[in-house]
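*Asks:* Sequence:
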Amino acid sequence: MAKRTGPTNAYLRKLIGQLKSGEAPIWKAVADKLSNPTRQRVEVNLSDISRNAGDASIVVIPGVVLGTGELKKGLTVASWKFSSAATEKIKAANGKTMTIEELVQENPKGTGVKVLA
46 MAKRTGPTNA YLRKLIGQLK SGEAPIWKAV ADKLSNPTRQ RVEVNLSDIS
96 RNAGDASIVV IPGVVLGTGE LKKGLTVASW KFSSAATEKI KAANGKTMTI
146 EELVQENPKG TGVKVLA
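Residues are numbered in the numbering used here as their position in the sequence shown, beginning at 1, plus a constant of 45.
In case anyone wonders, no lab produced these hints; they're calculated from the structure. Treat the hints with caution; some may be incorrect.
As the list claims (entries may be wrong) - Derived EDC-like pairs: lysine to aspartate or glutamate, alpha-carbon spacing no greater than 20 Å straight-line: (1) K136 - E147; (2) K118 - D77; (3) K154 - D77.
Said to hold, decoys possible - Computed beta-carbon distance windows for the label pairs: (4) K117 - K65: 17 to 25 Å; (5) A47 - K154: 21 to 29 Å; (6) T144 - P70: 18 to 26 Å; (7) A47 - S102: 39 to 47 Å; (8) G119 - T50: 15 to 23 Å; (9) R96 - T132: 18 to 26 Å; (10) A47 - Q150: 30 to 38 Å; (11) G62 - K118: 16 to 24 Å; (12) A47 - G157: 36 to 44 Å.
Being a predicted model, the structure only gives us computed values, none of them experimental. For each residue, glycine too, the CB sits at the ideal point set by N, CA and C.
Using the sequences and the accompanying hints, generate a full structural model.
*Replies:* Put into C-alpha coordinates, the structure is as follows:
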(Lines of atoms letter the chains of each structure in order from A and count residues from 1; the text may use other names and numbers.)
(Lines give C-alpha, C1' and ligand atoms only; values in the text may rest on other atoms or scores of the structure.)
Protein backbone atom coordinates (compact mmCIF):
# COMPACT_ATOMS: atom_id res chain seq x y z
CA MET A 1 0.00 0.00 0.00
CA ALA A 2 1.32 3.41 -0.97
CA LYS A 3 2.20 5.91 1.74
CA ARG A 4 0.31 9.21 1.52
CA THR A 5 2.72 12.09 1.08
CA GLY A 6 0.36 15.04 0.60
CA PRO A 7 0.76 17.80 -1.97
CA THR A 8 4.10 18.03 -3.72
CA ASN A 9 3.73 21.61 -4.94
CA ALA A 10 6.03 23.77 -2.78
CA TYR A 11 3.74 26.82 -2.90
CA LEU A 12 0.74 24.71 -1.88
CA ARG A 13 2.62 23.14 1.04
CA LYS A 14 3.66 26.60 2.26
CA LEU A 15 0.09 27.88 1.95
CA ILE A 16 -1.32 24.91 3.90
CA GLY A 17 1.23 25.50 6.67
CA GLN A 18 0.32 29.19 6.90
CA LEU A 19 -3.40 28.43 7.01
CA LYS A 20 -3.02 25.78 9.72
CA SER A 21 -0.96 28.11 11.91
CA GLY A 22 -3.66 30.80 11.81
CA GLU A 23 -6.18 31.36 14.56
CA ALA A 24 -9.45 31.39 12.59
CA PRO A 25 -11.16 28.01 12.14
CA ILE A 26 -12.25 28.91 8.60
CA TRP A 27 -8.63 28.91 7.38
CA LYS A 28 -7.93 25.56 9.06
CA ALA A 29 -10.92 24.08 7.19
CA VAL A 30 -9.60 25.50 3.92
CA ALA A 31 -6.15 24.01 4.68
CA ASP A 32 -7.73 20.59 5.24
CA LYS A 33 -9.48 20.76 1.86
CA LEU A 34 -6.27 21.85 0.13
CA SER A 35 -4.32 18.94 1.61
CA ASN A 36 -6.59 16.34 -0.01
CA PRO A 37 -5.10 14.05 -2.66
CA THR A 38 -5.21 15.37 -6.23
CA ARG A 39 -8.15 13.18 -7.23
CA GLN A 40 -10.22 14.58 -4.34
CA ARG A 41 -9.31 18.23 -4.83
CA VAL A 42 -12.06 20.77 -5.37
CA GLU A 43 -12.85 22.01 -8.89
CA VAL A 44 -15.64 24.59 -9.08
CA ASN A 45 -17.19 26.16 -12.16
CA LEU A 46 -18.41 29.74 -12.30
CA SER A 47 -21.99 28.49 -12.64
CA ASP A 48 -21.61 26.72 -9.26
CA ILE A 49 -20.26 29.89 -7.67
CA SER A 50 -23.11 31.96 -9.09
CA ARG A 51 -25.70 29.46 -7.85
CA ASN A 52 -24.27 28.91 -4.35
CA ALA A 53 -22.71 32.24 -3.36
CA GLY A 54 -25.97 33.63 -1.98
CA ASP A 55 -25.53 37.03 -0.33
CA ALA A 56 -21.79 36.57 0.24
CA SER A 57 -19.51 39.09 -1.42
CA ILE A 58 -16.32 37.12 -0.75
CA VAL A 59 -16.05 33.45 -1.76
CA VAL A 60 -13.13 31.07 -1.13
CA ILE A 61 -12.57 28.02 -3.30
CA PRO A 62 -10.03 25.61 -1.77
CA GLY A 63 -8.99 24.31 -5.18
CA VAL A 64 -9.35 25.37 -8.80
CA VAL A 65 -11.91 27.74 -10.36
CA LEU A 66 -12.91 26.77 -13.89
CA GLY A 67 -14.58 29.00 -16.49
CA THR A 68 -17.72 27.03 -17.37
CA GLY A 69 -20.88 29.08 -16.90
CA GLU A 70 -21.48 32.73 -16.21
CA LEU A 71 -21.06 34.85 -13.11
CA LYS A 72 -24.02 37.18 -12.68
CA LYS A 73 -22.75 39.46 -9.92
CA GLY A 74 -19.44 41.00 -8.99
CA LEU A 75 -17.83 38.85 -6.32
CA THR A 76 -14.41 38.66 -4.80
CA VAL A 77 -13.24 35.12 -5.49
CA ALA A 78 -10.16 33.72 -3.76
CA SER A 79 -8.71 30.41 -4.87
CA TRP A 80 -5.53 28.43 -5.13
CA LYS A 81 -5.69 28.46 -8.97
CA PHE A 82 -7.87 30.00 -11.67
CA SER A 83 -8.28 29.02 -15.30
CA SER A 84 -7.70 31.90 -17.72
CA ALA A 85 -11.35 31.80 -18.85
CA ALA A 86 -12.54 32.02 -15.24
CA THR A 87 -10.33 35.03 -14.55
CA GLU A 88 -11.64 36.85 -17.63
CA LYS A 89 -15.29 36.13 -16.80
CA ILE A 90 -14.94 37.19 -13.15
CA LYS A 91 -13.35 40.49 -14.18
CA ALA A 92 -16.03 41.00 -16.87
CA ALA A 93 -18.70 40.69 -14.14
CA ASN A 94 -16.95 43.48 -12.15
CA GLY A 95 -15.53 40.91 -9.75
CA LYS A 96 -12.06 40.48 -8.33
CA THR A 97 -9.73 37.48 -8.24
CA MET A 98 -7.14 36.94 -5.55
CA THR A 99 -5.10 34.16 -4.03
CA ILE A 100 -6.08 32.64 -0.70
CA GLU A 101 -2.87 34.03 0.77
CA GLU A 102 -3.85 37.59 -0.20
CA LEU A 103 -7.30 37.13 1.32
CA VAL A 104 -5.85 35.86 4.61
CA GLN A 105 -3.63 38.94 4.80
CA GLU A 106 -6.63 41.21 4.15
CA ASN A 107 -9.06 39.33 6.38
CA PRO A 108 -7.19 37.22 8.99
CA LYS A 109 -10.36 36.39 10.94
CA GLY A 110 -12.29 35.30 7.86
CA THR A 111 -15.36 37.41 8.59
CA GLY A 112 -17.95 37.55 5.81
CA VAL A 113 -16.20 34.82 3.81
CA LYS A 114 -18.08 31.84 2.36
CA VAL A 115 -16.23 28.62 1.54
CA LEU A 116 -17.49 26.67 -1.47
CA ALA A 117 -16.14 23.15 -1.65
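*Asks:* Just tell me: holds or violated, for the beta carbon distance of A47 and S102 against 39 to 47 Å?
*Replies:* 42 Å, holds
*Asks:* For the pair we were handed, K118 and D77, check the Cα-Cα distance against 20 Å.
*Replies:* Judged against 20 Å, a Cα distance of about 28 Å means the pair is violated.
*Asks:* If you check the beta carbons of A47 and G157, does the distance land in 36 to 44 Å?
*Replies:* Check passed, 40 Å falls within 36 to 44 Å.
*Asks:* Taking 30 to 38 Å as the hint, is the beta-carbon distance of A47 and Q150 inside that range?
*Replies:* 36 Å, holds
*Asks:* Looking only at beta-carbon atoms, does the pair A47, K154 fall within the given range of 21 to 29 Å?
*Replies:* 38 Å, violated
*Asks:* At the C-beta level, are K117 and K65 separated by a distance inside 17 to 25 Å?
*Replies:* 34 Å, violated
*Asks:* Could you tell me whether the CB distance from T144 to P70 stays inside 18 to 26 Å?
*Replies:* Holds, at about 20 Å.
*Asks:* Could you check the hint for me, namely that G119 and T50 are 15 to 23 Å apart, CB to CB?
*Replies:* 39 Å, violated
*Asks:* Is 16 to 24 Å a correct range for the gap between the Cβ atoms of G62 and K118?
*Replies:* Since the Cβ atoms of G62 and K118 sit about 33 Å apart, the hinted range of 16 to 24 Å is violated.
*Asks:* For the range 18 to 26 Å, tell me whether the beta carbons of R96 and T132 fit it or not.
*Replies:* Hint holds: Cβ distance 19 Å, inside 18 to 26 Å.
*Asks:* Regarding the pair K154 and D77, is the alpha-carbon distance no greater than 20 Å?
*Replies:* It holds: about 17 Å lies between the C-alpha atoms, which stays within 20 Å.
*Asks:* Quickly compare the C-alpha distance for K136 and E147 to 20 Å and report which way the hint goes.
*Replies:* With Cα atoms ~17 Å apart, K136 and E147 stay inside 20 Å; holds.
In the structure shown, a violation is registered for the earlier hints numbered 2, 4, 5, 8, 11, in ascending order.
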